[in-house]
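Peer 1: One letter stands for each residue in the lines below.
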Amino acid sequence: MIEALGFFATSWIDPSLLVLTALGTLAGIYVGAIPGLSVTMAVSILISFTFKWEVNAALALIAGVYVGGVYGGARSAILLNIPGAPSAIATALDGYPLARKGLAGEAIGLSTVMSVIGGLIGVLALALAAPAISDIALQFNSRDYMLLGIIGILLVGTLSGESFAKGAFAGALGVLVGMVGLDPMTAEARFTYGSIDLMGGIPYIVAMIGFFGVAEALVQLENVGKTAVRQAISRIVPAWRDVRRYLRVGLRASGIGTLIGALPGTGGDIAALLAYDDARRSTKHPETPFGQGAKEGLIAPEAANNAAVGGAFIPMLTLGIPGDAVTAIIIGALFIHGLKPGPLLLSETPHLFWFMVGNLTLANLFLLVFGLTGVRIFTRIVECPRAILFPLIVVLSAVGAYAIQNNPVHIYWTLGFGVLGYLLKKYGFQVAPIILGVILGPMIDANYRRAMIGAREDLGQFLLDFVTHPISCILSLALILMLLAQTPAWRWLRVRLGRASGSG
Amino acid sequence: MKPPSDLRPGERVFALALLGVSLLAFQQAYGISGFSGLTTGGVIPMLAAGVMVVSGLVILRDALARPRPARPSLRETLRFLVPPQLVLFVALLVAYGAAIPGLGFLPASGVFLFLSIWMLWRRGVLWAAGITALSVTGVYVVFRLVFQVVLPSGTVWP
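Top to bottom, those sequences are chains S and X. Numbering follows UniProt numbering, with no gaps: position 300 of the first sequence is 300. Numbering follows UniProt numbering, with no gaps: position 108 of the second sequence is 108.
Looking at chain S on its own, in the form it has when it is part of the complex (with noise of 0.2 Å):
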């Protein structure tokens, strides 16, 4: 216990941590606030710089820039009614009308508060679940884990996408984008043709950065002349009273964005928008209706989305599944250092899982200085013009994805994968799933291989052992019912039901 303590406070002690973490979360806010830049973006395009640094002095950066990052997109949301980041989209329905009754500054000092209460308790649950998990993941054997990462590709292509096939095609493509390279197990070359730049593979990092970089750098393109309606700033720190009387709904909203965030495939986007949903719901009688500023619906997504960062790294340490996107770029970091990710991460290193819990933490009262404090300054920043920013985000993909491995190749990759990505989301596909393809499609196909070795190569046998071991039987039947819930029958099946219990 004295020696978690020890690890958790690592980063409180260090000075050059301390400042990292800082830093991060600084940066991190701006990032999340100007539209166009991502934390997904900004996490990829980081760790090809940070991949040589210490372990947790990388951590230290991250942690500090996803935290910043998920809250920064309120900023914006709030003061130009253009949300910074997909997971502020539910703030802006009530704080940019907040913002117009010159509530501003309180609107951004109540979101800042409940961020930072969201985010503790985000942490919370990752620093009492993630160990409980762990125990039990340690019984999953390859099979189990090859179930994990199809279920962890399909959730997110299911809940992300138009539709399901979008989804499943998105996945599919990045496993494939994943198996280039020599076969670790036989050195057999998938889809080489001959060329050495392929034989070690695609890092999933250039890919990422493609993805999310370079692509919503050329879809944005079409906002580049758009300009932004700024706002009067008021009073930034929230009264003491309206925090006690509208903390409820900000625990009940960290509830539901730690456990949709510690879902794999789910993030702070969705989080934020089904907490906001049930803020509608619950609140019966609010004093502004919602839509129209009502605090209650810019508590909600708020809290919600920031516990989600403790949640979505719940799967990501303890099973090896990310949350969310920008959990699935830190699994790639942990990778890069040497570290793997997964059940026994806790108990061969439990000084970086505790490091990461304080540097969490540690990050989230940053964030509660940085959020109440710069804001004039900060919406100049935030009106930087796209038209320097897009061309700028393209010279930091290109050297990002060359500082990898030092392979001029890889810039030609990543720019190519920029427009490819561009071209999916002009038809209403997702490049979340991609990466997720990109980065478990080869433990998927190493699990599948073990586990199909351990069946002596009998199909029968094989398919056997998912329904005679209960870890793979519960799983199994899980991404049947996924599967299950996009075909007609099923839907057939609800509004039978729905019929039954309504005459009932």
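Hints are computed from structural coordinates only; laboratory data are not their basis. Hints may contain errors.
To be verified - Selected chain S positions facing chain X (in silico; Cβ < 8 Å):
(1) 221
(2) 291
(3) 409
Said to hold, decoys possible - No more than 25 Å apart at the CA atoms, straight line, and that leaves these computed lysine to any residue pairs for SDA-like:
(4) S:426 / X:95
(5) S:425 / X:62
(6) S:426 / X:79
(7) S:52 / X:150
(8) S:425 / X:58
(9) S:425 / X:13
(10) S:425 / X:150
(11) S:425 / X:151
(12) S:426 / X:81
(13) S:426 / X:66
(14) S:425 / X:50
(15) S:426 / X:17
(16) S:425 / X:21
(17) S:426 / X:65
(18) S:425 / X:69
(19) S:426 / X:85
(20) S:426 / X:88
(21) S:426 / X:75
(22) S:425 / X:67
(23) S:426 / X:91
(24) S:426 / X:77
(25) S:101 / X:77
(26) S:340 / S:182
(27) S:425 / X:61
(28) S:425 / X:70
(29) S:425 / X:17
(30) S:426 / X:23
(31) S:426 / X:53
(32) S:425 / X:63
(33) S:426 / X:67
Built from N, CA and C at the ideal position, the CB exists for glycine as well.
Dock chain X against the given chain S, drawing on the hints supplied.
Peer 2: Okay, now just chain X, sitting in the frame of chain S:
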């Protein structure tokens, strides 16, 4: 997120192209080790490509089933998919990628930044040049000096 009720310009052609790519991917995945065993390196690639083919068929079916408001002309499709500004930007992107081995990273980035900022911002040459100089210096200081990234050098201008 629900799909828009109307078809986007070029959506059916895109869906067809995706199906074509998926079939090609399946054929390539089959080429890795065929059906020679259950633990060979080609099994998961074939399964993934198979999922792409099946979902590609569903995407095409959905695109064919969705109503089309009016037959979009080629010009409308192009305006939706590749607005002039984007074409110019992507052209600059390709030129940028091609110029890095010759010019080296920093000069190529400088030219790319100057041309794209000048094109997108429309504030004049001086503004674009000023911002470019500032950005290139920033990239050099942050990445070369602070992060110690060895930036690609060129053959013409090392």
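Peer 1: Hint by hint, note whether the structure agrees.
Peer 2: Each hint tested on the structure:
| no. | hint | result |
| --- | --- | --- |
| 1 | 221 | holds, 6 Å |
| 2 | 291 | violated, 20 Å |
| 3 | 409 | violated, 10 Å |
| 4 | S:426 / X:95 | holds, 23 Å |
| 5 | S:425 / X:62 | holds, 17 Å |
| 6 | S:426 / X:79 | holds, 12 Å |
| 7 | S:52 / X:150 | holds, 12 Å |
| 8 | S:425 / X:58 | holds, 18 Å |
| 9 | S:425 / X:13 | holds, 15 Å |
| 10 | S:425 / X:150 | violated, 33 Å |
| 11 | S:425 / X:151 | violated, 31 Å |
| 12 | S:426 / X:81 | holds, 7 Å |
| 13 | S:426 / X:66 | holds, 17 Å |
| 14 | S:425 / X:50 | holds, 22 Å |
| 15 | S:426 / X:17 | holds, 15 Å |
| 16 | S:425 / X:21 | holds, 17 Å |
| 17 | S:426 / X:65 | holds, 19 Å |
| 18 | S:425 / X:69 | holds, 21 Å |
| 19 | S:426 / X:85 | holds, 16 Å |
| 20 | S:426 / X:88 | holds, 18 Å |
| 21 | S:426 / X:75 | holds, 17 Å |
| 22 | S:425 / X:67 | holds, 20 Å |
| 23 | S:426 / X:91 | holds, 19 Å |
| 24 | S:426 / X:77 | holds, 12 Å |
| 25 | S:101 / X:77 | violated, 42 Å |
| 26 | S:340 / S:182 | holds, 21 Å |
| 27 | S:425 / X:61 | holds, 19 Å |
| 28 | S:425 / X:70 | holds, 23 Å |
| 29 | S:425 / X:17 | holds, 15 Å |
| 30 | S:426 / X:23 | holds, 22 Å |
| 31 | S:426 / X:53 | holds, 20 Å |
| 32 | S:425 / X:63 | holds, 15 Å |
| 33 | S:426 / X:67 | holds, 18 Å |
In the structure shown, a violation is registered for the earlier hints numbered 2, 3, 10, 11, 25, in ascending order.
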